[in-house]
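Engineer: Heads up: the sequence shown begins at 1 in the UniProt record's numbering, then just goes up one per residue.
Bear in mind the hints are in silico, worked out from the structure with no lab data behind them.
We put the CB at the ideal spot given by N, CA and C, even for glycine.
Derived pair list, reagent style DSS-like, types lysine-lysine, alpha-carbon separation capped at 27 Å:
id	residue 1	residue 2
1	K381	K422
2	K434	K319
3	K299	K172
4	K422	K434
5	K422	K400
6	K299	K324
7	K172	K86
Have a look at the derived ranges for each label pair, beta carbon to beta carbon:
id	residue 1	residue 2	range
8	S360	G119	47 to 53 Å
9	A155	S215	28 to 34 Å
10	T300	K144	28 to 34 Å
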Amino acid sequence: NYISYTHPNNPTRPRIGHLDFETQIITPLSHASGTPFSTLYEVIEVGHAGVISSAPTIPLSSVSIHAPLPARDVLAIGKNYVEHAKEFNASGYDASDKNDMPSHPVVFTKRATSIVAHGDPILQFPNFTSTLDYEGEIGVIIGKAGHQVKEKDAADYVWGFTIINDVTAREKQRDHKQFFIGKSGDAFCPMGPVAVPKENLLSVLEVQTSVNGESRQRGTTEDLIFSVNRLIATVSEAQTIRPGDVIATGTPAGVGFGLNPPQYLKEGDVVEISVTGLGTLRNTVAAAGADNYVSARVKTVSEVPTSNYERTGGVGLTKLSSGKELYIKEMGPDYGDVIVFVHGLGGTHACFLPLIMSRSLHSQYRCVLFDIEGHGMSPTKADSVITFDSYAEDLWQIIKSLQGSYGNFNIIAHGMGCLIAKTCIWSDPELSIKKLIMINMAPGHDLPEDYIECLEQRERKAREEGMSSIAIEEVVSARTQQSRPLATAAIMQSLLSQNAEGYAKGCRALAQAARSKIE
1 NYISYTHPNN PTRPRIGHLD FETQIITPLS HASGTPFSTL YEVIEVGHAG VISSAPTIPL
61 SSVSIHAPLP ARDVLAIGKN YVEHAKEFNA SGYDASDKND MPSHPVVFTK RATSIVAHGD
121 PILQFPNFTS TLDYEGEIGV IIGKAGHQVK EKDAADYVWG FTIINDVTAR EKQRDHKQFF
181 IGKSGDAFCP MGPVAVPKEN LLSVLEVQTS VNGESRQRGT TEDLIFSVNR LIATVSEAQT
241 IRPGDVIATG TPAGVGFGLN PPQYLKEGDV VEISVTGLGT LRNTVAAAGA DNYVSARVKT
301 VSEVPTSNYE RTGGVGLTKL SSGKELYIKE MGPDYGDVIV FVHGLGGTHA CFLPLIMSRS
361 LHSQYRCVLF DIEGHGMSPT KADSVITFDS YAEDLWQIIK SLQGSYGNFN IIAHGMGCLI
421 AKTCIWSDPE LSIKKLIMIN MAPGHDLPED YIECLEQRER KAREEGMSSI AIEEVVSART
481 QQSRPLATAA IMQSLLSQNA EGYAKGCRAL AQAARSKIE
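Go ahead and model the full structure; you've got the sequences and the hints to work with.
Structural biologist: Structural data, given as structure tokens:
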């Protein structure tokens with residue numbers, strides 16, 4: 001089986017593993033190359049032969065579980081068990097059909113935002129529904145793309161199965177005369193805890209649902225009105241199904257409205273759905289607050305790309321008071337005087353390590369090194385406009401966060417970092433910097449126009465061609481390449497390791513500073 005999870009040590013990077021139900025231990029899984037899997041969509045694409053285990057194992061209790069396939073709307077089927085179709089038609093909540101038995105599969109979708117994991121709360125919205133109901137279902141996972149799949153061939157398109165709870169607001173289902181609104185509320189689609197390839201399952205699967213330990217539903221795939229093959233053929237008649245699509249196959253009789261009297265879910269109820277070979281999906285009903293956890297999670301998602309974030313996944317970054325994240329490294333005693341190091345265009349904090357180590361500065365001073373935005377291991381968002389003022393503000397925030405805990409503050413800067421340091425100091429005369437040491441200071445004013453144009457050309461070239469052309473053609477002169485091969489190698493290594501977008505923004509900031517005649 002496959003389980004999606006994140007570890008507290010790396011909460012922004014989901015991983016895929018195998019869950020041992022008996023021992024509750026997860027074995028992390030990787031591509032055959034050793035690269036860890038991030039999503040089940042990857043696993044489906046590469047196939048089981050491309051999956052290997054990678055130690056060490058970790059206890060299930062130490063991770064956060066995620067839904068196996070959370071990125072897309074679920075294709076769902078209504079009224080697909082005979083007895084449930086009858087109880088639904090008799091309930092008064094079915095406004096879609098007057099017949100007990102549907103002539104065609106009843107297909108609807110559940111929003112991707114409704115998908116939550118095993119253990120996550122099912123949210124009850126008092127102002128939305130008073131008839132919250134459960135539906136234990138078997139979810140079919142599609143393994144390859146297909147269009148107008150023939151029923152006789154449909155089994156070839158099945159990758160495997162998972163468990164779904166098709167949570168429903170019954171009066172919304174009735175009043176809107178369709179299923180979408182009543183079935184797509186936040187947290188209305190618990191899924192998991194695992195996904196299992198069809199090869200590892202029996203040909204007939206049984207689904208059972210209990211509420212607070214009381215058995216409510218039981219049915220098998222043999223009881224389906226429309227078989228899995230028929231469902232795949234139906235949904236692919238005019239639309240292309242994709243690997244990782246999930247089809248919820250319908251629920252057997254025994255839902256809350258089918259009981260006498262009806263029993264709807266309330267806060268504190270525990271719903272457990274078990275399927276042969278898939279384990280048990282367990283979720284507890286909770287009252288939804290003004291800003292529920294699904295809504296809060298969605299609000300943090302940004303479609304604005306962040307460059308250079310993949311290097312760290314957010315691990316090891318420090319959040320400034322502005323909310324910006326930078327890579328900051330501190331060395332030396334946790335007391336006394338401080339040296340803050342500011343590198344230049346195309347550099348990283350590592351540029352200063354030879355100086356620090358050769359002079360044993362870290363034995364005398366608290367050494368604070370950081371990567372400016374977009375350089376080294378510091379990310380930059382596409383909508384973040386980098387200027388010398390923004391670089392200086394970042395430096396100011398780093399220094400202010402440390403002042404009060406140490407003695408005198410000093411700055412050692414190199415290249416463009418000298419202009420950043422001077423801009424920072426001039427912006428706040430009370431910053432109290434004892435010494436500013438500038439190495440190979442970049443010119444800040446009276447730059448010739450052709451130099452400024454060169455910076456602007458580098459900006460364009462970095463975005464269009466990447467950093468290799470910058471490192472080889474634009475920065476290292478033929479004379480330097482010939483006379484100083486070690487220096488050339490160091491410069492090229494630093495440049496080639498840079499994120500192209502971060503470097504391009506740095507070129508723009510320096511060019512704009514020159515045009516504004518920074519003193």
